[in-house]
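Visitor: As a plain string of letters, each chain reads:
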Amino acid sequence: MSELDDLYQEVILDHNKSPRNFRVIGGANRRAEGYNPLCGDEVTVFLQVEDGVIKDISFQGSGCAISKASASMMTTELKGKPESAAHELFENVHNMLTGEPGSEGGGARVGKLAILSGVCKFPARVKCASLAWHTMESALKGEPQPAKTE
Amino acid sequence: MNAVPQNNPGTLASGQFDVARVREDFPILSAKVHGKPLVYFDNGATSQKPQCVIDAIDHYYRAENSNIHRGVHHLSEQATAAYEAARGKLRGFINARSDKEIIFVRGTTEAINLVAQSYGRAFLKAGDEIVVSAMEHHSNIVPWQMLCEQVGAKLRVIPINHDGEIVMEEFERLLTDKTKFVSVTHVSNALGTVVPVKEIIALAHGRGVPVLLDGAQAVPHLQIDVQDLDCDFYAFSGHKMFGPTGVGVLYGRAELLEKMPPYQGGGDMISLVTFEKTHYNVLPYKFEAGTPNIADGIALGVAVDYLRGLDWAAVTAHEDGLLRYATEALGQIAALRIIGTAKEKAGVLSFVFDHVHAHDVGTILDQEGVAVRAGHHCAMPVMQRFGVPATARASFAFYNTIEEIDVLVRAIGRVLKVFG
Ligand SMILES: Cc1ncc(COP(=O)(O)O)c(C=O)c1O
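Chains as they are written, first to last, in our numbering: chain H, 1 to 150; chain L, 1 to 420.
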């Protein structure tokens, strides 16, 4: 497979076309906005957290296929998980995207999200894939400022 | 660029532009990207450099390097002469009246900041209005917003129509007794629109209002004559006109520059310093504090020599042909929409797809060796005006070819294949 096919895999294109949990959670008790000033990608992540567990998670916004698919897959992965697992997955996904040594094909630690690993071959696109994750992190931490990928 | 040398190397006997010959002057154009020949369509961001410019920088550091305006030794005199000769070439390039109207700066951005901070802070006050257009680059918006904060002035914006053209009636309505400055782009970097600047200048001058033109995207495509334009300031960057990064020019009408306070203080911009009082140097040095970018200034002069050696009638015909061919070819792609359809355009083709984000377009084109810019092009208000988050932008220079546009069209075919 070429690097390009690796980036735009069927699953990613599908999440881009029909993003999951692409909606507003009316009574969300956590939310944050993320913005990538480089390309104009915007995302808002909504979370309903109860007793340390992510009961519901959704997102809204506009962006490229990579940012949308990453956000969509993030929501399916995190729903029902404890907060601590979300932090851990954030770290692991981040390492995978930035090509941290030892994270190659880190399938066990990122689960289905390994499909995003092709992104690390495209340095200009890493921020697209990580935007939703940074935003989710800042929502969980309850930071009032919009998340940045910088 | 008025004098066209005989037997021009860039022109065929037929009078046509000899693009194959001219491409040989630009070493990077034979590069490969991802195994494919580079198709460089990001000239709006920065242009490539001819060998003579690259050589000039190399030669300067090998044979001439020394500080200017301050040494009695041979090298310093030589470097000073070369730097001042470059200033003279730039004066000729835009047909300014005098070398003292040519101020070397870092680029367009610094030129505009200089005018905003020097002219603006000295002559604008609370309640005054500054007029810009809706298609400015951020560097012709933010310096004015900063000035507005400092002096309490207000920024007014001339709207553009759906083709990306200035709405002249709206400009006339915005021009009032409160208007104290007009700053507009000559050619839009995001849309390619050539703005009717002479009309704008005539209207502004009718009310005694000075006008700055952002020429960053105009100098690589149009022949500039600041006397004919009758502008008060003209700002441009060396790196977009086949010269090096880190050097550009602010042209200013001498009468205005004389009245303006210095922008920065330091060496070179003074004639006498005591702790009681400092006397400023004469133009243009009053605005050139500190050791300038000597090597790149000299090399920019060489870029001017190169440009003046081209036959501009042939260059213009070739560039018009490229833009027309690309507009027609991309116009036939059903899913694609061109943003910026002004009657008068130069060098830029911005486009979007309904279902593919510009960033994805940029990545896929890159895999085919085609370099375009994907994003908001430092013109976020333009994106908002057209209701798109970003566009893909192909921007052309005279060394581009029709065949390269065919490669772009095929590469867009691959984008559509990936995204179905
Ligand atoms: C129209 C316009 N104005 C100003 C600038 C800023 O030029 P520079 O970054 O060289 O200062 C640019 C460059 O992108 C431009 O296209």
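Hints listed in this document are in silico derivations from the structure and should not be mistaken for laboratory results. Mixed in with the good hints there might be a few duds.
[What the hints assert, rightly or not] A few chain L residues that don't get close to chain H, going by computed Cβ distances all over 10 Å:
| no. | residue |
| --- | --- |
| 1 | Asp-25 |
| 2 | Ala-134 |
| 3 | Ala-317 |
| 4 | Gln-332 |
| 5 | Asp-360 |
| 6 | Gln-367 |
| 7 | His-376 |
| 8 | Met-380 |
| 9 | Pro-389 |
| 10 | Glu-403 |
| 11 | Phe-419 |
[Claimed, not checked] Here are the computed distance ranges between Cβ atoms for each label pair:
| no. | chain 1 | residue 1 | chain 2 | residue 2 | range |
| --- | --- | --- | --- | --- | --- |
| 12 | L | Ala-334 | H | Lys-121 | 25 to 35 Å |
| 13 | L | Val-409 | H | Val-11 | 38 to 48 Å |
| 14 | L | Asp-406 | H | Glu-3 | 30 to 40 Å |
| 15 | H | Lys-141 | L | Lys-198 | 32 to 42 Å |
| 16 | H | Gly-27 | L | Gly-420 | 48 to 58 Å |
| 17 | H | Gly-99 | L | Lys-198 | 28 to 38 Å |
[Said to hold, decoys possible] Keeping only pairs whose Cα atoms sit at most 27 Å apart, straight-line, the calculated DSSO-like set for lysine-lysine is:
| no. | chain 1 | residue 1 | chain 2 | residue 2 |
| --- | --- | --- | --- | --- |
| 18 | L | Lys-417 | H | Lys-112 |
| 19 | H | Lys-121 | L | Lys-417 |
| 20 | H | Lys-55 | H | Lys-17 |
| 21 | H | Lys-121 | L | Lys-125 |
| 22 | H | Lys-17 | H | Lys-81 |
| 23 | L | Lys-89 | L | Lys-125 |
| 24 | H | Lys-79 | H | Lys-17 |
| 25 | H | Lys-141 | H | Lys-112 |
| 26 | L | Lys-259 | L | Lys-277 |
| 27 | H | Lys-55 | H | Lys-121 |
| 28 | L | Lys-125 | H | Lys-17 |
| 29 | H | Lys-121 | L | Lys-36 |
| 30 | L | Lys-198 | L | Lys-277 |
| 31 | L | Lys-32 | L | Lys-125 |
| 32 | H | Lys-141 | H | Lys-121 |
Since the model is a prediction, treat every value here as computed from it, not as a measurement. All C-beta atoms in this analysis are idealised placements derived from N, C-alpha and C, irrespective of residue type, glycine included.
Visitor: All hints are to be evaluated individually against the structure, with a verdict given for each.
Guide: Results of checking the hints against the structure:
no.: 1; hint: Asp-25; in the structure: holds, 29 Å
no.: 2; hint: Ala-134; in the structure: holds, 17 Å
no.: 3; hint: Ala-317; in the structure: holds, 36 Å
no.: 4; hint: Gln-332; in the structure: holds, 24 Å
no.: 5; hint: Asp-360; in the structure: violated, 5 Å
no.: 6; hint: Gln-367; in the structure: violated, 5 Å
no.: 7; hint: His-376; in the structure: violated, 5 Å
no.: 8; hint: Met-380; in the structure: violated, 7 Å
no.: 9; hint: Pro-389; in the structure: violated, 4 Å
no.: 10; hint: Glu-403; in the structure: holds, 23 Å
no.: 11; hint: Phe-419; in the structure: violated, 7 Å
no.: 12; hint: L/Ala-334 x H/Lys-121: 25 to 35 Å; in the structure: holds, 31 Å
no.: 13; hint: L/Val-409 x H/Val-11: 38 to 48 Å; in the structure: violated, 29 Å
no.: 14; hint: L/Asp-406 x H/Glu-3: 30 to 40 Å; in the structure: violated, 24 Å
no.: 15; hint: H/Lys-141 x L/Lys-198: 32 to 42 Å; in the structure: violated, 56 Å
no.: 16; hint: H/Gly-27 x L/Gly-420: 48 to 58 Å; in the structure: violated, 37 Å
no.: 17; hint: H/Gly-99 x L/Lys-198: 28 to 38 Å; in the structure: violated, 53 Å
no.: 18; hint: L/Lys-417 x H/Lys-112; in the structure: holds, 25 Å
no.: 19; hint: H/Lys-121 x L/Lys-417; in the structure: holds, 21 Å
no.: 20; hint: H/Lys-55 x H/Lys-17; in the structure: holds, 25 Å
no.: 21; hint: H/Lys-121 x L/Lys-125; in the structure: violated, 52 Å
no.: 22; hint: H/Lys-17 x H/Lys-81; in the structure: holds, 25 Å
no.: 23; hint: L/Lys-89 x L/Lys-125; in the structure: violated, 37 Å
no.: 24; hint: H/Lys-79 x H/Lys-17; in the structure: holds, 20 Å
no.: 25; hint: H/Lys-141 x H/Lys-112; in the structure: holds, 25 Å
no.: 26; hint: L/Lys-259 x L/Lys-277; in the structure: holds, 18 Å
no.: 27; hint: H/Lys-55 x H/Lys-121; in the structure: violated, 34 Å
no.: 28; hint: L/Lys-125 x H/Lys-17; in the structure: violated, 53 Å
no.: 29; hint: H/Lys-121 x L/Lys-36; in the structure: holds, 18 Å
no.: 30; hint: L/Lys-198 x L/Lys-277; in the structure: violated, 42 Å
no.: 31; hint: L/Lys-32 x L/Lys-125; in the structure: violated, 54 Å
no.: 32; hint: H/Lys-141 x H/Lys-121; in the structure: violated, 30 Å
Going through the hint list in order, the structure does not satisfy hints 5, 6, 7, 8, 9, 11, 13, 14, 15, 16, 17, 21, 23, 27, 28, 30, 31, 32.
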